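A.B. asks: Chains as they are written, first to last, in the numbering used here: chain D, 442 to 840; chain S, 442 to 840.
No false leads were mixed into what you were given.
It does not matter which identical chain is meant; a pair holds if it fits inside one copy or across any two.
Straight-line alpha carbon distances no greater than 25 Å define the calculated PhoX-like cross-link-like pairs of lysine-lysine that follow:
1. K579 with K590
2. K467 with K611
3. K763 with K830
4. K799 with K492
5. K590 with K750
6. K755 with K817
7. K763 with K717
8. K785 with K579
9. K492 with K689
10. K830 with K785
FYI, nobody ran anything at the bench for these hints, they're computed from the structure.
A quick note: this is a predicted structure, and the numbers were derived from the prediction, not measured.
Number of protein chains: 2
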Amino acid sequence: MISFAEAYNLVLDHSQNYGTETVSIKKAIGRVLADDIYADRDFPPFDRATKDGIAINYNAIENGRVAFDIKAIVAAGQRTYKFLEEDHCVEIMTGAVVPYEADTVVMYEDVTIEHGIANLNKNAQRGQNIHDKGSDRKKGELVINKDTKITAAEVGVLAAVGKSNVEVKKLPSIAVISTGNELVEVEDHPLPHQIRKSNSYTLFAALNEERIEPLLLHLSDDKDMIRQKLSYVIQEMDVLLLSGGVSKGKFDFIPKVLEELGVEKIFHGVLQRPGKPFWFGVYKDTNSLIFSFPGNPISTFANYHIYFKHWLQKSLGLPIPKIEVFLEEGIAIEGSMTRFLGVKTRWVNGLLRANLVKDNNSGDLTSLSRSDGFIKLTPREVPYAIDEKVSFLSTRSLI
Amino acid sequence: MISFAEAYNLVLDHSQNYGTETVSIKKAIGRVLADDIYADRDFPPFDRATKDGIAINYNAIENGRVAFDIKAIVAAGQRTYKFLEEDHCVEIMTGAVVPYEADTVVMYEDVTIEHGIANLNKNAQRGQNIHDKGSDRKKGELVINKDTKITAAEVGVLAAVGKSNVEVKKLPSIAVISTGNELVEVEDHPLPHQIRKSNSYTLFAALNEERIEPLLLHLSDDKDMIRQKLSYVIQEMDVLLLSGGVSKGKFDFIPKVLEELGVEKIFHGVLQRPGKPFWFGVYKDTNSLIFSFPGNPISTFANYHIYFKHWLQKSLGLPIPKIEVFLEEGIAIEGSMTRFLGVKTRWVNGLLRANLVKDNNSGDLTSLSRSDGFIKLTPREVPYAIDEKVSFLSTRSLI
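For reference, chain D alone in the conformation it holds in the complex (with noise of 0.2 Å):
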């Protein structure tokens, strides 16, 4: 059995490329960006009013001028006033082209307009409230880096340049699936020596937060059926995500089919808990990755956060996190297991804290919907004392 720092670097030295694909701006949310994205032309395009008021040449100020002969109403989205006198003035709206004559816009509040005529009752300052062509971005210049997840923000400047379509990094076809003659449907009812499955759908719901949406495959505890599902998915599929079947019983194949079908063992056990006992492996003829988690829905959730979802982040090319809490009791560890425990967080001056979650040491699935995300904690000595911090993995958003 190999330690968690092992296993860890070893799911993530097999990250993957998946290359690129094009969506409508409107499906861009949550992917990650392929390209750098760069201005098509000045921000903001033209000088451009900030204040609704009046645009004059500061110039005339200067020689004394107070009063101004309103010569028009320029609205924006109208094209550029086609010429400006000294001593003349345009009324102007937020948004619209400043004359090219004009350099400054003084706004309602500081005017009095009478007859056609525009008096300032305030002094000004050359170029205010004009926001200078170019001054946010010149042309050409780069305004998202590739490998960036698109939340809003980048929705709107890539709407802003023009992207109606944008190249994003491909996400791996992924199968789910779940293994047990134990396990039935959700809407079943079950007898009493079943139980619903669970692990499937805590998968799907975890990838459709990723923008992934998943085969979901059931195998039934028969060698035969089982290696021929899997000899059908690890052709067709970038990842699959099996949970269950790979304990020590009787009926645990899957490790021995997928080796049977080809499939290179990397690892298969891991000095942790929970999660201790999982396989990873890849189908070299297609680099296929095989992430089979334990059946128990705290270790295949665990493992999912702590091996899976890493590993989708190094191949989108998006960082890894690192985050760490304030602990609000002390913990020992015994033995040598990394340990990943269940914690509520709360915000404390500032400082997010972490209280364990207890959840009977069992695989308690209700745990998980009291808890925050995991704290890892490295097998020591000395125990893990109150407010020390420690590394912690969210498996909800918390920020």
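Once you've looked at the hints, dock chain S against the given chain D.
C.D. replies: Then chain S, alone, in the frame of chain D:
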């Protein structure tokens, strides 16, 4: 003009309840539970083996027995084994029902099996490796509170208790309305005096993150057309999010038209920057709410997060997070406006620290994609100091 605190409280006082609807468990992620969820059976529903090995009655060990006749192999998903004598055992697989007469599971690693007899190699403890019926949750116990946002963890629990359909809070129907003759579509090549719509796309994307698919509309600066379209939309939609047309310009018809249509103005203008010309109102006939944001992209983006998002969270029964960050630089605030400044954050020694994003003070849209959110600074004489803790509003997921 009212203070930021007044405006914020007025908006939140208008939170609404849009009722509930039923969605399939596969569509439930990101939604908010409308009902408490109870265990429909004991969890686990039977005494469940947590290891592969043999199931025995510990009394036999107390009576000095170390060898047991293997009577059967019990797999997960099989009915309980009918009867077990004290000198017998069954091989049992993880997830299988422990026979009624057994109370202890010894894993294969601690057993030698020869000729149908299992010999214990190691001391056992009564009750080991059995996950007792009902020990996680008893039938009828609460497993998830209503008003919980459904993440992958909750989906797993919902699946386990058989909720193939889930009662969730209904989301408001929303129209996102851009205004201004200067705006053209993203796919258009704008003329020099035109710019592409970006606010509509930003709001569309932000609402998508909340699982809301808004109606997108555009209004030209034509008062009759504005009246005609708005009169329809306020009848049909729960919320209108407008951007632009609320300044003091000659073509800023929106507030006037809304009031003519019978929309009650709650306020217009807030002592805040950006986002000052924010107009907020309610159409009492249908209880439709109108959030009319300034057209500047930073203002719209900030006010969406400051007002609308918290209003939505309150309307759905979700808590409004209070996050604080530590300043990496001192900041002096002049004037009487509450300020919202774009910041980039980073984790340093477990603290979330914030650096100002330089934005040319102009509504530079691209600054949004360099920011993680806004800090909120209340006006005061003394500058905000480096390392000081201030209120933070995230605009992308940070944990």
